[in-house]
Amino acid sequence: MKQMKIFAAPYLVWMVVFILVPLLMVAYFALTNDEGRFTIQYVSDVGQYANIFVRSIWLALIATVICLIMAYPLAFILSRMDKHKQGTMLLIVMLPMWMNFLLRTYAWMTLLGNNGIINYLFGLVGLGPFKLINTSGAVVLGMVYNYLPFMILPLYSVMVKIDKSVLEAATDLGCNFWNTLFRVIIPLSVPGITSGITMVFVPAISTFIISRMLGGGSNLLIGDLIEMQFLGNAYNPHLGAAISLVLMVIILLIMTVMNQFSPDDQVLI
Amino acid sequence: MKKLAHLYLVLVMLFLYVPIFVLIVFSFNETKSRSVFSGFTLDWYERLFHNEIIISSLVNTIIIAVLTSIISTILGTLAAIGINSMRKVPKAVVMNITNMPIINPEIVTGVSLMLLFVFFAARMNLEFGFVTLLLAHITFDVPYVILNIMPKFKQMDPHLYEAAQDLGCSPFQAFKKVILPEIMPGIVSGFLIAFTYSLDDFVISYFTSGSTSQTLPITIYSMTRRKISPEINALSTLIFLVVVIVLIVKHLIETRTAKKNGTYKGA
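The listed protein sequences derive, respectively, from chains U and V. Per the numbering used here, residue 1 is the first one in the first sequence, and the count goes up by one each step. Per the numbering used here, residue 1 is the first one in the second sequence, and the count goes up by one each step.
Calculated from the structure, these hints are not laboratory results. A couple of the hints might just be wrong.
Claimed, not checked - For lysine-lysine, the following BS3-like pairs were computed, each having C-alpha atoms within a straight-line distance of at most 25 Å:
id	chain 1	residue 1	chain 2	residue 2
1	V	Lys152	V	Lys176
2	U	Lys161	V	Lys2
3	U	Lys164	V	Lys152
Said to hold, decoys possible - Pairwise CB distance ranges (calculated):
id	chain 1	residue 1	chain 2	residue 2	range
4	U	Arg80	V	Asp166	18 to 24 Å
5	U	Asn259	V	Lys154	19 to 25 Å
6	V	Ile63	U	Ser44	40 to 46 Å
7	V	Thr196	U	Gly174	45 to 51 Å
8	V	Val243	U	Phe177	50 to 56 Å
Virtual Cβ for every residue (Gly too), placed ideally from N, Cα, C.
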């Protein structure tokens with residue numbers, strides 16, 4: 001089959017031109033100025049936006065933890081259902097994810113708005129109106145709503161492989177519910193947990209739509225910052241590239257940490 | 001315990017579906033209010049169908065998705081066949097680079113392609129629009145096609161191909177009769193994933209589209225930036241309906257073939 005290597009040639013050219021070169025251009029723009037001279041000016045300028053980085057990491061972290069707490073029991077319940085029910089239930093859980101995420105986020109925009117239905121219902125019982133939209137809470141809610149399925153799926157796919165008899169054995173050997181959970185189920189689902197965390201955290205930390213639609217102007221995230229440098233008023237591709245570079249490094253670090261926890265290369269993407 | 005589990009399921013379902021159902025209900029609302037339902041109307045749907053921007057961006061999205069998925073499937077299938085016969089180290093290098101658009105945040109992929117296209121635009125006769133969108137979509141889709149096909153090679157006995165040639169097949173016949181049927185499921189699922197991702201993409205399109213060629217997600221985005229327009233609700237309802245129908249049909253087909261084969265793996 002050796003002679004078949006040649007078939008990869010068109011893709012290899014494509015890969016170099018459209019994957020490798022663009023990423024190198026990000027690095028090049030981050031490390032040069034308008035005259036094309038080497039500078040670390042822009043990378044060090046990223047430090048000025050430390051507060052935005054901290055906010056992004058913090059909000060993405062909260063959203064990831066909420067997703068994990070919400071998805072874990074759900075994935076377990078799904079994995080213990082009758083086999084023929086599982087498929088249908090999984091379909092129902094994943095269905096909203098097939099709607100465009102702008103529309104899903106828009107749905108919360110109308111729900112949380114000052115004239116939205118939640119404040120209207122509060123008004124009926126004489127409460128509010130509360131400021132729900134344009135808060136960091138709304139941004140976290142948007143992240144959880146959009147990325148919850150990314151947590152459910154990897155968790156479900158490891159849990160469905162846990163044999164019923166393993167759980168029964170734990171009970172027979174004297175484990176109560178909590179013991180079984182912490183000593184059997186959780187250790188066995190570690191690969192699902194780590195890939196779920198990366199699959200929620202990465203899009204959450206780099207989003208700019210959710211923060212813009214639900215966070216108003218006051219909850220800028222890294223994604224907004226990058227977008228502003230390329231398409232916004234603050235046009236400065238060098239700074240934008242530098243921020244992108246730092247974001248890539250942060251994500252690479254997190255993925256390295258996550259990979260430490262799953263021994264074999266079981267990355268479920 | 002069982003009741004608790006059911007209650008929990010119901011609560012999560014409510015969280016997932018209530019926002020969508022509110023959108024659907026208010027797509028039939030007479031006024032622009034987002035909280036009070038004042039009367040039934042189909043006006044928003046009618047306006048939607050007369051909105052030329054939406055219709056043209058829908059057509060554009062479909063054309064791009066069809067072209068992207070066909071080109072990515074061909075490019076990706078050839079690539080997977082080639083990569084599979086590479087030696088260990090070059091194979092690992094290529095696969096690592098192929099993984100990059102999947103691992104990297106979409107915004108970074110979008111920005112990096114934008115920088116590339118700006119560079120080309122300044123030197124060649126390249127304009128931001130249909131072509132750049134197509135190039136960008138193929139770029140983020142091909143890795144998914146490759147990743148869907150590669151595992152099929154692992155499941156296949158590598159000697160089958162040689163056996164076919166020993167039995168008198170030309171290399172091309174052996175490829176067509178032995179390898180292709182084995183990797184076909186991967187090609188089909190790769191094609192479908194490429195098609196859906198292209199339809200659904202916003203972030204990368206946002207950075208690579210320019211102002212002349214819009215896709216539906218970009219149009220939706222600019223609609224949400226302007227004042228409230230229940231046309232979006234109507235559009236959401238229709239998209240939701242399409243999604244429901246497609247997924248139910250897919251589910252039924254899968255259940256039926258699974259029953260035929262005597263195995264059932266779920267969705």
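For each hint, the structure was consulted:
no. : hint                            : result
1   : V:Lys152 - V:Lys176             : holds, 15 Å
2   : U:Lys161 - V:Lys2               : holds, 21 Å
3   : U:Lys164 - V:Lys152             : violated, 29 Å
4   : U:Arg80 - V:Asp166: 18 to 24 Å  : violated, 50 Å
5   : U:Asn259 - V:Lys154: 19 to 25 Å : holds, 21 Å
6   : V:Ile63 - U:Ser44: 40 to 46 Å   : holds, 45 Å
7   : V:Thr196 - U:Gly174: 45 to 51 Å : holds, 48 Å
8   : V:Val243 - U:Phe177: 50 to 56 Å : violated, 37 Å
Consistency note: the structure conflicts with the earlier hints numbered 3, 4 and 8.
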